Every structure is written in C-alpha cells, then in structure tokens.
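Chains as they are written, first to last, in the numbering used here: chain A, 292 to 454; chain B, 5 to 210.
Check each hint, because a few of them may be wrong.
[Stated by the list, open to error] Part of the chain A face toward chain B, derived, beta carbon under 10 angstroms: (1) A303; (2) L342; (3) D352; (4) G385; (5) N391; (6) M392; (7) R431; (8) S446.
These are calculated hints, taken from the structure and not from any lab test.
Remember, it's a predicted structure, so these values are computed and weren't measured experimentally.
Quick reminder that beta carbons are idealized off the backbone N, C-alpha and C, glycines included.
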Amino acid sequence: MNDDLLLKVGIADMKVAKREQGIVTFALGSCIGVCLYDPVTKVAGMVHIMLAEPGRSSGVDNVAKYATTGVPELINQMVRAGASKSRLVAKIAGGAKMFNMSANSSIGDIGRRNTETVKRVLNEQGIRLIASDCGLDYARTLTLYRESGEARVRSYAHPEKTL
Amino acid sequence: MRNMKKLTDMQIDVLGEIGNIGSGNAATALSELLGHPINIDVPEVIIMDYDNVMEMLGGPEEIISAVLEELSGDLNGIMLFIQEKDFVETVLSSLMQKPIDDFSEMDEMDKSAIVEVGNILMASYMNAVGDMTGLHVDNGVPSHTVNMAGAILTVPLISVAETYDYVVLIRANFLVEDNSVSSNIFMVLDMDSLNKMLDQLGVGMD
Numbered sequence: 292m293n294d295d296l297l298l299k300v301g302i303a304d305m306k307v308a309k310r311e312q313g314i315v316t317f318a319l320g321s322c323i324g325v326c327l328y329d330p331v332t333k334v335a336g337m338v339h340i341m342l343a344e345p346g347r348s349s350g351v352d353n354v355a356k357y358a359t360t361g362v363p364e365l366i367n368q369m370v371r372a373g374a375s376k377s378r379l380v381a382k383i384a385g386g387a388k389m390f391n392m393s394a395n396s397s398i399g400d401i402g403r404r405n406t407e408t409v410k411r412v413l414n415e416q417g418i419r420l421i422a423s424d425c426g427l428d429y430a431r432t433l434t435l436y437r438e439s440g441e442a443r444v445r446s447y448a449h450p451e452k453t454l
Numbered sequence: 005m006r007n008m009k010k011l012t013d014m015q016i017d018v019l020g021e022i023g024n025i026g027s028g029n030a031a032t033a034l035s036e037l038l039g040h041p042i043n044i045d046v047p048e049v050i051i052m053d054y055d056n057v058m059e060m061l062g063g064p065e066e067i068i069s070a071v072l073e074e075l076s077g078d079l080n081g082i083m084l085f086i087q088e089k090d091f092v093e094t095v096l097s098s099l100m101q102k103p104i105d106d107f108s109e110m111d112e113m114d115k116s117a118i119v120e121v122g123n124i125l126m127a128s129y130m131n132a133v134g135d136m137t138g139l140h141v142d143n144g145v146p147s148h149t150v151n152m153a154g155a156i157l158t159v160p161l162i163s164v165a166e167t168y169d170y171v172v173l174i175r176a177n178f179l180v181e182d183n184s185v186s187s188n189i190f191m192v193l194d195m196d197s198l199n200k201m202l203d204q205l206g207v208g209m210d
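Produce the entire structure from the sequences given, and follow the hints as far as they go.
In structure tokens:
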C-alpha cells in the first residue's frame with residue numbers, strides 16, 4: 292500500500308484513524324511507536340514518543356513526547372473517536388540503540404528506558420500488549436492498518452515483520 | 005529557557021564562521037588522507053526541529069553511513085559525520101583499494117576505516133574551534149552505524165528533548181571528485197555550550 296494513503300505521525304505526535312486506511316510513522320530509532328487498536332469499531336491510533344517521562348524541571352509542553360503522558364492521551368482520543376478502552380490492544384516498535392555509546396552517555400540508554408516505560412504504562416492502563424519489536428541497533432518504520440489491525444515494521448537490512 | 009531560535013544575524017554569522025574554520029581544517033585533513041582535493045560549501049546554520057528533521061537528508065528512510073561523537077569538556081554536544089554511499093565508495097577505494105557498490109558490502113575493516121576518517125575529521129574540526137574560542141573540548145569515542153537518516157538525525161534532538169524541541173546545527177558539506185560526491189559534518193551543541201561559545205567570541209546572548 293502506498294504511504295500517501297496513510298495518516299502520518301511525526302516525532303512527538305499522535306493520530307487517530309476512523310476512516311483512513313492506516314497510520315505510519317517513519318524511522319523510529321530510540322523513539323517508540325505505540326499502536327492502539329479496537330478490533331470491533333476498527334478505530335486505530337498511534338503515538339510516536341521520544342522519552343519515557345518529563346524531567347522534574349521541565350513542564351509538559353507536548354504530551355505526545357513522553358510515554359507517561361502520550362499513551363494515556365492517545366487512549367482518551369481513541370475513546371472520544373468511538374473506541375472502547377477495555378477492548379484496546381497494543382503493538383509497539385522502536386526503542387533501539389542507534390549508536391553504541393559509552394556507559395556514561397546520556398543518550399545511550401534511552402531506547403531501553405522508553406521500552407520499559409511504555410510497557411509499564413500500558414500495564415497500568417490495563418491494555419494488553421500483543422506484539423512488540425523493540426531494541427537492537429536499527430531504525431524501524433511502523434505502519435498500522437486500520438481494517439485488519441495488522442502492524443508492519445520496515446527496516447534496513449532486516450526482513451519486513453508483521454506484528 | 006532562552007529562545008535560541010532568535011539568534012541575531014551577527015550570531016548566525018559567527019556560528020557560520022566557526023563552521024567555516026572547523027570544516028576548513030577538517031577538509032585539509034581529509035584531502036591529505038585521501039590524496040584528493042576537497043572543496044567545502046559555505047556552512048549553514050540550521051534550526052533543526054521535529055518538523056524538518058525527517059527531510060534533512062533526502063527523507064527519513066534514506067540509508068546513510070554516520071559516525072557520532074559526544075563532545076565533553078568546555079562544550080557539550082554531538083558531532084555527526086554523515087556520508088552518502090558514493091562518499092564511502094570514494095574513501096574505501098582510495099584507502100582500502102576496495103570499491104563497494106552497496107553499504108552491505110562493507111566489512112568490519114571497511115567500517116573501521118570510515119570510523120577513523122570520521123574521527124580524524126571531527127578532531128581536526130574541533131581543534132580549530134578550540135583554537136578559535138580558547139575552549140577545550142574532548143571528542144569522545146566514535147561510534148558508527150549504517151541506517152535510516154531520520155533515526156540518526158533524531159539523536160541530537162533527543163539529547164536535549166527534555167528542555168528544548170529544537171537544536172542549532174552547523175552543517176558543513178565536503179565535496180570530492182568534481183563536486184559530485186559529498187559528506188557532511190553536523191555540530192550540535194547543547195544550549196548552555198552554544199551560549200558559552202558565543203560569549204567567548206563576544207556575541208553572547210543578553
């Protein structure tokens with residue numbers, strides 16, 4: 292399917308699809324694409340989070356930037372669009388370590404922390420995580436198809452995966 | 005939080021000049037290494053944010069080779085040495101006598117050669133910046149990947165994302181072989197370091 296027919300989610304951004312064919316986000320590195328899907332109403336949503344949670348000093352300027360704020364906001368938007376929270380299932384991809392940084396690096400560990408935090412938040416929200424493709428050292432483009440609920444992960448030098 | 009999106013023209017000129025001096029030094033090193041003449045474009049000072057990062061280098065899924073170093077010492081930030089396939093091919097054919105047609109043909113020795121070239125270039129660049137500003141900067145250990153441009157360029161944005169949703173980027177372009185083959189050095193400083201450097205050069209923020 293042509294990417295042009297899909298809603299596009301930027302960095303620190305989220306979209307909910309009720310009629311469109313699907314949603315795509317490109318080149319997730321340590322960021323995570325979280326797909327939520329209601330298989331009955333076929334409402335699909337995706338958020339592209341960058342960090343696990345806001346720092347103590349910084350305010351939340353953009354809820355979609357963080358796992359702890361982005362996932363709950365996506366749930367709210369999907370419920371408003373007709374999804375039932377209790378039916379939502381999740382598929383996630385990303386959380387890679389693009390560069391093999393030294394141990395004291397501030398950026399080396401972000402992917403792993405993002406993955407752990409997304410999983411924790413989904414669990415707290417009572418949402419079942421049914422598929423995940425996280426970690427390792429390469430980027431992923433994630434597409435969620437609204438009719439089937441299928442998610443596909445495209446990457447360089449690795450075969451395409453269906454979640 | 006100071007708004008660095010509102011750099012004055014003079015500050016942008018000074019940052020461009022830093023890029024000029026850094027990349028000039030790096031180009032000399034690269035030219036000696038490869039035995040080719042190297043040209044450089046006038047460096048650009050770019051505000052990179054969530055909207056334009058994915059289109060910065062030919063689209064988010066464009067496959068590029070990149071060497072990253074984390075700067076520490078008087079200045080903190082990230083340097084990226086980014087090469088398109090043609091540039092890697094040129095470097096490997098002159099250093100390793102091994103032409104490649106695709107990134108997938110690079111073996112560990114080829115990657116190590118690219119890392120070393122990146123290390124030399126970025127060290128030359130920062131030496132010149134250090135001389136100009138009187139600041140001491142450590143370049144850190146280089147790390148290499150071949151992957152999607154969007155994910156690689158997002159790394160500097162993530163490094164400051166808790167406080168800022170953009171970075172100030174100094175981009176220098178190196179041209180080899182009748183200007184058809186190019187690579188880039190991106191210098192991204194955290195905001196405190198950017199302020200410190202501008203202060204040091206007499207054009208600080210108020």
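Hints and how they fare:
1. Evaluation of the A303/A hint against chain B yields a held restraint, the C-beta minimum of about 6 angstroms falling below 10 angstroms.
2. Interface hint at L342/A: satisfied, since its Cβ lies 6 angstroms from the closest Cβ of chain B, which is below the 10 angstroms cut-off.
3. Given hint, D352/A at the interface with chain B, holds; its Cβ is 7 angstroms from that chain's nearest Cβ, closer than 10 angstroms.
4. Checking G385/A against chain B: minimum C-beta separation of about 9 angstroms stays under 10 angstroms; hint holds.
5. This hint holds: N391/A has a C-beta 5 angstroms from the nearest C-beta of chain B, less than the 10 angstroms allowed.
6. Taking 10 angstroms as the C-beta cut-off, the interface hint given for M392/A holds, the closest approach to chain B being about 6 angstroms.
7. The closest approach between the C-beta of R431/A and any C-beta of chain B is roughly 8 angstroms, which is under the 10 angstroms cut-off, so the hint is satisfied.
8. With a least beta-carbon distance of about 8 angstroms to chain B, the hint placing S446/A at the interface is held under the 10 angstroms criterion.
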